[in-house]
Amino acid sequence: MEKFGTTRRQLLTAIGMVGGTAALYQAMTTMGHAMETQYKGPPNLAGARPGASVLVLGAGLAGMVAAYELNKAGYKVRILEYQNRAGGRNWSLYGGDSYTEMGGATQKVQFASGHYLNPGPWRIPYHHRTLLHYCKAFGVQLEPFIQFNHNCFVHSADAFGGKPVRYREAAADFEGNVAELLGKAIDQKALDSELTKDDREKLMEALRGWGMLDKDMRYKANLLTSEHRGYERPPGGGVNGEPIPSQLFSFHDVLNSQVWKNMAFFMNHEMQTTMFQPVGGMGMIGKAFAGQVQQLITFNAKVTRINQDKTGVTVTYADTGSGAVNEAKADFCVCAIPLGVLNQIPNNMASAKRAAVAAVPYSNSVKIGLQMARRFWETDDYIYGGHSFTSQDIALISYPNYHLFEDGPGVLLGAFASGAGAYRLAGMTPQQRIEAALAQGSVFHPGVYRKEFQTGASVAWSRVPWTLGCCARWNEETRKQHYQTLVAVDDRIVLAGEHASYVGCWMEGALLSSLDAITRLHKRALEA
Amino acid sequence: MMRPIRAMTIILALTATPALAQAPSGGGDIAGSATVKAAAPVTGEQVYTQVCQACHMADAKGGSGAAVIPALASNPKLATAGYPISLILRGRGAMPPLADMLTPAQIANVTGYIRTHFGNNYATPVTAEDVLRLSPPKSAR
Chain A
1 MEKFGTTRRQ
11 LLTAIGMVGG
21 TAALYQAMTT
31 MGHAMETQYK
41 GPPNLAGARP
51 GASVLVLGAG
61 LAGMVAAYEL
71 NKAGYKVRIL
81 EYQNRAGGRN
91 WSLYGGDSYT
101 EMGGATQKVQ
111 FASGHYLNPG
121 PWRIPYHHRT
131 LLHYCKAFGV
141 QLEPFIQFNH
151 NCFVHSADAF
161 GGKPVRYREA
171 AADFEGNVAE
181 LLGKAIDQKA
191 LDSELTKDDR
201 EKLMEALRGW
211 GMLDKDMRYK
221 ANLLTSEHRG
231 YERPPGGGVN
241 GEPIPSQLFS
251 FHDVLNSQVW
261 KNMAFFMNHE
271 MQTTMFQPVG
281 GMGMIGKAFA
291 GQVQQLITFN
301 AKVTRINQDK
311 TGVTVTYADT
321 GSGAVNEAKA
331 DFCVCAIPLG
341 VLNQIPNNMA
351 SAKRAAVAAV
361 PYSNSVKIGL
371 QMARRFWETD
381 DYIYGGHSFT
391 SQDIALISYP
401 NYHLFEDGPG
411 VLLGAFASGA
421 GAYRLAGMTP
431 QQRIEAALAQ
441 GSVFHPGVYR
451 KEFQTGASVA
461 WSRVPWTLGC
471 CARWNEETRK
481 QHYQTLVAVD
491 DRIVLAGEHA
501 SYVGCWMEGA
511 LLSSLDAITR
521 LHKRALEA
Chain Z
529 MMRPIRAMTI
539 ILALTATPAL
549 AQAPSGGGDI
559 AGSATVKAAA
569 PVTGEQVYTQ
579 VCQACHMADA
589 KGGSGAAVIP
599 ALASNPKLAT
609 AGYPISLILR
619 GRGAMPPLAD
629 MLTPAQIANV
639 TGYIRTHFGN
649 NYATPVTAED
659 VLRLSPPKSA
669 R
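Read top to bottom, the protein sequences are chains A and Z. Taken in order, the first sequence gives residues 1 to 528; the numbers are from our numbering. Taken in order, the second sequence gives residues 529 to 669; the numbers are from our numbering.
Keep in mind the hints are simulated off the structure, nothing from the lab. All values reported here derive from a predicted model rather than from experimental measurement. Where is the CB? At the ideal position from N, CA and C, for every residue including glycine. A few of these clues could be false.
Claimed, not checked - What follows is a list of derived Cβ distance ranges for each label pair:
id, chain 1, residue 1, chain 2, residue 2, range
1, Z, Ala633, A, Lys136, 50 to 58 angstroms
2, A, Pro50, Z, Ala586, 52 to 60 angstroms
3, A, Gln431, Z, Lys565, 42 to 50 angstroms
So here's chain Z without its partners, still in its complex pose (with noise of 0.2 angstroms):
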């Protein structure tokens, strides 16, 4: 037998998490899909490669049409950590942020990692607490 706190816990929870998880009206076209399961990326290079290659292309060089995705790639912008720390945060223009996506050990090593590869040479290691630094406040996101 249950008892009847628990049973009200549970119609309660069973009531609750869907309009909480749900996507936002008017978010468009979607799968209506369970949550994607995928172990998630640790290392500068698995960040790169599972998130922003996708934009930046697998060599960094970016791509152009009728608008430019910027090259990574020997880009003297990276020599300030804040520059590319700050744009993976807060995403520019058609670059969506990424700071509820990535946690900040996430966004430091592949910070790290783009500057120190594709012809960049920047070794000054960047931190969580670099990022955190950053970052802007939940509300503001």
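Looking at chain A on its own, in the form it has when it is part of the complex (with noise of 0.2 angstroms):
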């Protein structure tokens, strides 16, 4: 990675110097930099013929986005969807709502009015283009979402006693030690065959500036670092208004606690700010889509055969409720169902494609939404949005960013586990579920997190009925044998999702997929 960056830097620059800034600025927009998202605007798909068809394999946003451009061109459309639901994984439980999942478990969603859980997508990046798109174009209010909140905590079962630190404090004395010690390195000559006499000085400024080191390179317990970490006494008027220094933590504490993963993730590109969400939940935008094609929608139709020939594609279907089996014709399909799903569907796309279907397994996660009579984390820890980390197995506790300020009560996100975590969660029933989120979030906020809950709601996305997981999980081998397969169109089926993009596990990789492959399958409609 470190080995490409440098051998990218360096072709940018030659260009740069013999092409001029045009040139450089062109360079840089083919290889990814200065654009964000590969998003060109909305497709050209001009020319239909009268009368082509297209039926759609789930009203997820890939089915829907599809739906939505091909009716618009003048294709004829008709979409089937499993579920009674338009949105597929982007999704919000609210109160009065009731999920059943794989094994039979139902909850009864409790949460009061106005609050929810967002099962699947949560936050939007600034970046992703064709979501925000078409958020605007439907009428999709969005509101930010508060991904960085210093003030919110860190824990570790290794580091400062098993108690929960602030990010804040732990994330200055990471930084402050690290200037610290790349200063002594300078000072004891290690990078003089690194760096020359003069980049090495303005190195010494920037980590002294950066680190909050006093005159002597050293990250001590001053008012200067406590500007970071925060004060024992802050600031104040009056008689006590001179701010008291805090105390710094033990460097070793703070190399436990892997504070760095925490401030590394807020690097990740898909997680700096700004970043959004819709006003009363993620499931405002699947909805959103659906009012645009609603009426293309067959809802409870499990499809249990998809066979295309020279003619076209008929995909059989059985009604959930009646049992009652049918068939859907049309020219082309734009199948958007979760590979894990479609593996288990016959149909008879070529084998490569086949194998392709059954190379991806699915990640799986759990989310677990927890309603607090009080927002205790506001009132009594100034913690208004952001995360809380841990190296528990619901990994982060997440502040609710609507209906700040207010008594009543929130909905926080008591678990966003993945991996190992979300295995053992998902294999509890959704009661021991949230035993275990209490239990575990209670690290954060002793005393108060257990009196204070009301009603909680799990979804674990390995027992999702319609999508037998999360997203689909590539891998760089994976990725190499089957990725082109996978996308491309075979005769009269084209397949859409996250899964088809590289922008895995997004709801902007499912709209990016999607318009690829839409606009692909057009120009084999006219070439028919």
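Dock chain to chain to rebuild the complex, using the hints, since each chain is given by itself in its own frame.
Spelled out as structure tokens, the structure:
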């Protein structure tokens, strides 16, 4: 990665010197630096043949954007959806909702009116422009998602005696210690061969300013370091106005806490601020898309066979209520069914395509919403949105970004587990998951967490009946072997969804995949 | 006073580790937390409860929806130990390969467990060596 980066940088420098700024920008754009998404605006589907038809399988975002654009372009479109709801993984659970997972456990959600759990997507990067474009076009009201909150907690069983500390304190101490150590390395001439004298001096100045080091280049408990990590007694007015500096953590504990993981997480391109969420729950996006294509959707339709021949595509489906079996026919098909499900549906796509569908496993994830009678994280701990991180299975608790400062209840995200932690939580009954989330989350808010708890809901993605998992999990090998086959138009059928993108597990990926798929399918239709 | 070589080692450690441990790009939304610390399951029952049960259910009867999670209960395919071992190692369809998450001993234990519970009665013991024999090379994972 680093090696590649250096090469690319050298290349760009060379291009800049030879061709000037315009050439440099052109090159950067081509290489994906300056532009942050591949979105180029709505697809051009001009010239659709009158009467040409497309069957869309799945009313998630990929399926619905395909239906919307193809319908607009003049195609005769119909969508088959397994659930009685459109939106797919774009979904919010509200009070009054009922959710039955595989295995049969049913949860009656009892959140107060206006509160919700987003089981799937819950935050939108500012550069996911395809999604933001359609949100605006379809009237979805967006509000800021509070992603980065220095005042949240960091907890690790291996650090600070198992007590949570503020992110601000741990992150400041990490940076301060690194700055001091790097300064020592320069002092001891360890970087003499790496940097010119001039650059060493500039770096020293940077380390002092960035790391809050004193004049001797030391990171110590004083008013300077307290500017980053917070005070023992903050500045005030009058008699006791003078601030008292806070004490530093041992660097050993700071390292053990792995706070650098949280810090690196916030540097991740997808996680950088500003982030957004729809007002009223992420599911508002699915609802808005559905509002555009509602009349095209057949709900409760379980696809049981997909066949294509020279004349068109025939999809057999069963009504999940009555069991009645029907056939739907069209000239072409956009299949936006998650791969794990599609893998079990008999079809006559090319064998390489079927191998690609079978080759991609799905990730797991567990989200748990907990309604608290009062917003103690705000009133007692001065935390307004953001995430408190932990090394326990729940991974984090995340505080709601809406209804701030209200006296009433709040629903916080009590778990966003993945990997081993998610398997453990998923294997529990919904009641046991709530219990585990309360036990683990109490580490951040002892005394009040259980006391204020009112009601909860959980979604374990490995048991979601219509996906069999959270998201497609590609690796280097499967990408190389199967990705191009998976996304290629197979005669009359094209696949769409986050699984057919390099923006995996994001709504943006589902949309970009779908727009690309229908553009190629349209080309295929014109050639027919 | 720290000697230069030691200081350099620390710097390299500080800068190198995050790059190695970072989630691959395009990995989707993640919590961004420290590595989860929990006691690793040892016995077959522990592995089943903490991993397999997430999909195959506490009664090992699986489930059904738009597609099916196969039942392990009363499943004649478990007669050949190599079959479940291979599936656990390599995954199938939505089921992820678990070769990197579970040790050969854990896989052997859980294979033995499912083959002798939930209405299955295939008593031949399964060993870590059996699992190693069927394991894909690291590069193929």
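Going through the hints against the structure:
1. Z/Ala633 to A/Lys136: 50 to 58 angstroms: At roughly 54 angstroms between Cβ atoms, A/Lys136 and Z/Ala633 fall inside 50 to 58 angstroms, so the hint holds.
2. A/Pro50 to Z/Ala586: 52 to 60 angstroms: holds, 56 angstroms
3. A/Gln431 to Z/Lys565: 42 to 50 angstroms: violated, 25 angstroms
Of the hints listed earlier, the one the structure fails to meet is number 3.
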